[in-house]
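So you can see what is in the structure, the chains are spelled out below.
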Amino acid sequence: AQTVTQSQPEMSVQEAETVTLSCTYDTSESNYYLFWYKQPPSRQMILVIRQEAYKQQNATENRFSVNFQKAAKSFSLKISDSQLGDTAMYFCASFSQGGSEKLVFGKGTKLTVNP
Amino acid sequence: DTAVSQTPKYLVTQMGNDKSIKCEQNLGHDTMYWYKQDSKKFLKIMFSYNNKELIINETVPNRFSPKSPDKAHLNLHINSLELGDSAVYFCASSPGLAGANEQFFGPGTRLTVL
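These protein sequences, in sequence, are chains A and B. Residue numbers for the first sequence follow my numbering, beginning at 2 and rising by one. Residue numbers for the second sequence follow my numbering, beginning at 2 and rising by one.
No lab work stands behind these hints, which were simulated from the structure alone. Hints may contain errors.
Straight line, CA to CA, 27 Å or less: simulated BS3-like cross-link-like pairs of lysine-lysine [unchecked claim]:
(1) B:Lys72 x B:Lys41
(2) A:Lys79 x B:Lys45
(3) B:Lys68 x A:Lys71
Here are the in silico distance ranges between beta carbons for each label pair [stated by the list, open to error]:
(4) A:Thr4 x B:Pro70: 32 to 38 Å
(5) A:Thr61 x B:Ser6: 44 to 50 Å
(6) A:Asn32 x B:Gly17: 41 to 47 Å
(7) A:Thr6 x B:Gln15: 36 to 42 Å
These stretches of chain A come out as covered by chain B in the derived footprint (C-beta under 8 Å, 3 or more residues) [unchecked claim]:
(8) 20 to 27
(9) 46 to 54
(10) 86 to 98
Glycine is no exception: its CB is placed at the ideal position from the N, C-alpha and C atoms.
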């Protein structure tokens with residue numbers, strides 16, 4: 002079975018500082034994809050960053066980067082220079098190609114950026 | 002230029018009623034999905050359709066019936082609503098079934114069953 006675990010229900014960070022959100026996953030498939038989605042108070046789900054499992058290089062998108070540790074099945078999200086607009090629920094998700102072929106989400110981490 | 006739209010955004014109804022939520026995407030995508038987000042924010046897939054064909058049907062009660070009249074629309078009909086159906090329902094779409102594809106989400110429909 003495909004599982005995604007986010008062990009931090011809530012986190013907070015000061016504006017302009019760096020924060021890292023943790024995520025571990027489990028899948029029996031060799032071909033899979035990992036995602037971080039953001040859900041601000043507006044409720045809209047927004048893709049933050051995506052990582053293909055076959056790529057060794059960690060994905061980056063502006064202030065957002067991941068630390069993908071394949072052997073440890075870990076996929077953490079680092080947010081640099083945190084902004085008030087980063088306040089949101091963050092969901093880690095995985096998609097196993099050839100397996101269940103569905104997006105499986107973790108339970109989310111509520112991030113608050115304080116001024 | 003709404004990419005994935007849902008109507009209504011809010012729905013309040015009595016137990017036992019039947020209701021529908023509509024979803025439309027103007028991205029030209031082949032694949033559409035319904036997700037349920039419960040009160041603890043847990044998001045779980047319910048159904049997926051590819052080119053109007055049902056691909057994924059999670060263990061969802063028979064009271065939930067998706068209908069895809071064409072590739073751009075995926076509606077969700079719920080019969081005999083129960084208190085436990087209260088949740089936010091998200092529609093999403095993607096270019097295809099491949100995992101590399103980003104799923105684009107609608108704004109969600111908050112369903113409250115009284």
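For this session: Report the numbers of all earlier hints that the structure fails to satisfy, in ascending order.
Result: 1, 3, 5, 8
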